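The whole structure should be built from the sequences, with the hints applied where relevant.
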Amino acid sequence: MSAKAITEQTGKEFLYKYICTTAAVQNRFCCATVTADTDWARLTQDHPWLLTERLVVKPDQLIKRRGKLGLVAVDLNLEGVQEWLKSNLMTEITIGNAKGILKNFLIEPFVPHLQEEEFYVCVYTSREGSHVLFHHEGGVDVGDVDTKAHRLLVEIDEKLTEDMVTQQLLEHVTDEKKEVLANFIVGLFNLYEDLYFTYLEINPLVVTKEGVYILDMAAKIDATADYICKPKWGDVEFPPPFGREAYPEEAYIADLDAKSGASLKLTLLNPRGRIWTMVAGGGASVVYSDTICDLGGVDELANYGEYSGAPSEQQTYDYAKTILSLMTNEKHPDGKVLIIGGSIANFTNVAATFKGIVRAIKDYQGPLKEHEVTIFVRRGGPNYQEGLRVMGEVGKTTGIPIHVFGTETHMTAIVGMALGHRPIPNQPPVAAHTANFLLNTSASAATPARTRNTSFSEHKLTTGVTEGMTPTAGVPRAKATTLFTRQTKAIVWGMQTRAVQGMMDFDYVCSREEPSVVAMIYPFTGDHKQKFYWGHKEILLPVYKNMADAMKKHPDVDVLISFASLRSAFDSTMETMQYPQIHTIAIIAEGIPEALTCKLIKTANEKGVTIIGPATVGGIKPGCFKIGNTGGMLDNILASKLYRPGSVAYVSRSGGMSNELNNIISHTTDGVFEGVAIGGDRFPGSTFMEHVLRYQDTPGVKMIVVLGEIGGTEEYNICQGIADGRITKPVVCWCIGTCATMFSSEVQFGHAGACANQASETAVAKNQALREAGAFVPNSFDELGDVIKFVYDDLVAKGVIVPAQEVPPPTVPMDYSWARELGLIRKPASFMTSICDERGQELIYAGMPITEVFKEEMGLGGVLGLLWFQRRLPRYACHFIEMCLMVTADHGPAVSGAHNTIVCARAGKDLVSSLTSGLLTIGDRFGGALDAAAKQFSKAFDSGLLPMEFVNKMKKDGVLIMGIGHRVKSINNPDMRVQILKDFVKQHFPSTQLLDYALEVEKITTSKKPNLILNVDGFIGVAFVDLLRTCGGFTRDEADEFVEIGTLNGIFVLGRSIGFIGHYLDQKRLKQGLYRHPWDDISYVLPEHMSM
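The opening residue of the sequence shown carries number 1 in UniProt numbering; numbering runs sequentially from there.
None of the hints are false.
Here are the simulated BS3-like pairs of lysine-lysine, each with C-alpha atoms no more than 25 Å apart in a straight line:
| hint | residue 1 | residue 2 |
| --- | --- | --- |
| 1 | Lys489 | Lys529 |
| 2 | Lys955 | Lys1009 |
| 3 | Lys99 | Lys68 |
| 4 | Lys935 | Lys956 |
| 5 | Lys953 | Lys1003 |
| 6 | Lys178 | Lys209 |
| 7 | Lys531 | Lys553 |
| 8 | Lys396 | Lys355 |
| 9 | Lys159 | Lys232 |
| 10 | Lys553 | Lys537 |
| 11 | Lys232 | Lys4 |
| 12 | Lys939 | Lys1008 |
| 13 | Lys599 | Lys159 |
| 14 | Lys607 | Lys553 |
| 15 | Lys103 | Lys86 |
| 16 | Lys1009 | Lys956 |
| 17 | Lys953 | Lys1008 |
| 18 | Lys17 | Lys178 |
| 19 | Lys939 | Lys955 |
| 20 | Lys935 | Lys953 |
FYI, nobody ran anything at the bench for these hints, they're computed from the structure. In this text, all values refer to a predicted model and were calculated from it rather than measured experimentally.
Right under this line is the structure:
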C-alpha cells in the first residue's frame, strides 16, 4: 500500500525538524513517549522539561477523538501524569468495534490558551491536487469540518502563496493572526509536499502571542516514496490500527516483501480463528475474504494476505511456512481449513510457486494432521495443471486432506466447500493440459478465415477531434475512444522478452498481418537486435538506447508499454508524453509515489494521452492487441477465446481478477470485446468512467462489466452517468471489499487504493448506490457470472447480440523452454557439472549449502576440497591445502611468472591480461613440477625401486628428477617453506610413505651436490599423494586419477595467482612506466657479416 498512518510523535518530529516558516513554532521536540518498559529516571534525564512544565498525556495509537473519549489528561505535573498512567497504561478498552490495549502514550507540555485561539487545519491529496481545509474554530468540538471548513484546492505543480491562504481560508480570522497563520499554513503545505504526506491534520492548532503550538496531529505518508525521502524520514515504524496487535510474523513478511520484487502481505485478524487463507493476487485476496465473510466466517477468519508478482520458490516457502506455523499454534475443536486460492495468473508459473508451498506442507505435515487441517486449492494460470497435480500428490503421500480444483471451478467455490455450504465433488473435471491448446490436432495448419470482424474494421484511432483538424492551441487534445486496432503498433520500454514474445504469439493467433511490437527501448544495452518468433519464423526486433531514436524511426507507433522500474517509470513516462504520436501508455510498475502519479495524470490529460496503470498488468482487445502479459499464456488466451472479439467489455482494477473476468465472460457470453485493468493504486492513470464511456461510444460493445472495489468514489460517477442517460448500455457491476465493514479494525488490502476513508467509499455503499442507479449488481462475487449470463441472454433474446460462428485459431509452435517445463520433451544436456549448483535460493558446493560452509568454518581449504575433490576433507587436510597456497603465493619479482606479470602491467594492460601473462609461463621448468614430481616418485615407489635405483635409472635415462634441486637453497641453506610443511605433515598425516621415500632420494642427491634438495614443488607433490592415499576419503584409483589429471599443479597456479596479482597492484600503485630491457643486459649475437 502507499498511504500509511504514522504516530503523532513521528509526524510532529517531521514537522519540527523540516518545516520552513517565519511563524514561531513553540515546544519543538518536546515529545516524550511512555510505554510499560519506560525508565522514568532516564526519561526525565533525556527530557528535563518534564520536571518543570505542566503536562498533557494521551495515547499515541491512531485513536480518533481521544478528547471526547476521555483519553487525554491535561494540566498535570509529572506525578499526576504517572498517577493517571497507572489506571490507563496497559488497560484494555473498546472503541467502536475495536478492542485493544493502551500501551503507547505521548507526554507534551500543557499550553494554556483561550478557545478563540484554537484553529483547525488539514491537508489531503486527491487526484486533482492537494486540498487545504481551514476552520477558525478548532478543538474537540470542531464537528463536521467537511461542511464547515473553508477549502482551497492547490492543483498539481501549483504553488501555494500566503495571499491565496489569506483570501480563501482566513476570512473569519482576526487581522493580527492572519499573517502568522498564512505563513505557517504555506510552510506546512510545503512540508506536506516535500515529505510526501498524503494526509496531515492539526486540531487544534493554537496561535497565541508567543507563537504557534501543534497540539494534536494525525498524519499519513506515502510509503512508496521511501526511496526519495529516506534521508529525511529515516527508519519509520508504521503502527497497526488500534485494536490489532503488531505481530512479529507480520514484520517478518513485511521484511520479505521489502527485499523482494514480488508482493507478500500478511495481516493477522484472529490468530485463534479456524479459517486461514493463502491467496495469490491482491484483488483475489479481497474476493476470498468477502466470500468467507458472506458465508458467515468473519469471526473465524484468521488472516488476510496475498502473494503475487511471481515470487520465487524460496519466498513462497517462507511465506507458506509462516502461515502454517501460525495456524498450528493452537488447536480448534472443529479443526481448521486452509484456502490456497487465486485467480488465473497472467505470468506467474503456478507450478513453481506451488513447489514452495508443497515444501512447507511437507515440513509441517505432523502439526497439520494433529490440528486436523483440511486444505482447499483453486488456481489457474501458466503450468497450473502441474502445480495442482503436485499439490494433490502431496495430499496422498502425507495423508492431509487436500482438495484440488482448476479453472473449471468458479474461483470462490472452494470457500463454500471449506465452510460446508456446498458439497465437495468426488471427482472434479480434469482441465485440458496446456499442451492440448498449443499442439495442432487438425489435418490442416492453415490459418482459418476471419469471420468475427466486430473490431477488425477499426483501422484508425477515433478521437473527439474532427479528422483533419488541428486542436486549438491551449485546449487539451481529446483522448482516443478506440485505443487499439489490428494495426496498432507499440514500443516496449524494458528488456521484457517474455512479455514481448507473448504479445507476438497473441498477434499471430489473432491472424494479424504483422507483429504489434516494432521496437524496444533499453538504456543499458540498447542499439542492437533482439530475436523473437513470429509463428515458426525467427525475426529481429530493434532495441534502442534512447526514446528519441525509437520514436524517430517508428513514427507509426502510438502505444508505449512501460516495464520501467518504480524509480524510473515517472521520468520515462514524462519523456514519452513529449511525443505527440503516442496516444496510450501502459505503466506496469507498482509502487510509484502518488504525487508523481498525479503529475503524470495531469500531463496526460493536457496531451490527450490515455494512461493504463500504474500497478497494472495492462489490458487486452481480443483479435487486435494485448498489453504485455495480459491474458496469461496462450492456453488461457485460447481457453478464454481471446483470439477473437466478443460483445462484452470490462474494466477492473486488479490484473489477476481481469484474467478471471476473461474466464467468466467466455463461459457465460460470446466473449470479451475489450478489457482493461486500470491498476490498484489510489489514483490510477485512467478511471472507470473514462473506459465505461469509451465502451458506451463503441458500437461493437453491447454490455459492460465493471469490477470495482473498496476505496475512492469513482463508481459514483457511473451511477451519475446512468442516471443522466449518458450510459445506456447494460452495466453489470460489483465492488469487492464488502468484508471491510465486518472487521473490528481497519484492514489495508492488497491494492494501495483499497481502503475506505469514509462511509461512502465502502464497497457495500457503492454496490447499493449502483443497484439503485439501475446497474445490474449481484449479491456476491459468487453470483457475478450468473448476472452476466442473465444480461447477455436477454440481449441475445432481443436480437441486440447475434452470436457469430466459432472458428478455430491458428496453432502456434511451443517454445522449447516452455515445452520442457511442461515435461513434453527432453534433450541431452550440452555439458554436465557435479560440483556446484546456483539455481536455487542458496548456492551449493558439492551438495553443501554455502551457509553450511560458513557455519562449519571450512575455510578456503574446505571449499577447495568440495569443488576440486567433491569431498569434505579432514580439517588437517584443509589446513595443509591452505599452507600450500601460502608458501606458493610468491617467490619474488625475478621468477619468470612474476616478471611477465610486471612487464605486462607496466605496458598498461589490465589485471586479467597481466595475470594471464604470468600464468602462461607455468610449466615443467617453472612451477609445474608438482604433478611431474608426484608421478615420478609414485611410479618409482609403487614399482619397488630403491631410492638409489631410482636415482641411477633417471640418470641413465637422462631424465631430470622433478621436484629436486633449487637455484639458491641447499642442504646448508634450507628452504624454510619446506621445513614448515614437513613439520606439519609429520605431525598430522596418518602416513608419509612417499614423503619418506623422497627424503631418502634427497639424501642421495645432496651427497653429490648440496643444492639438489627436495624443493617446495617436490615436497607438495609427494605430500599430496600421501594425503590423497591415506586421508580415508579416496580409493587408490581415485587418488591416482587426481594426480594424473593435473590436480596438483592447480595448487601452484592458485597460490601463485595471489602473488602475481600482488605484483600487478604493486606496479600500478608505484605508477611504474613502460618497461624496456636495457641494452647492456642483452648479448647481441649476430652473423659476422652483419655485425657493426
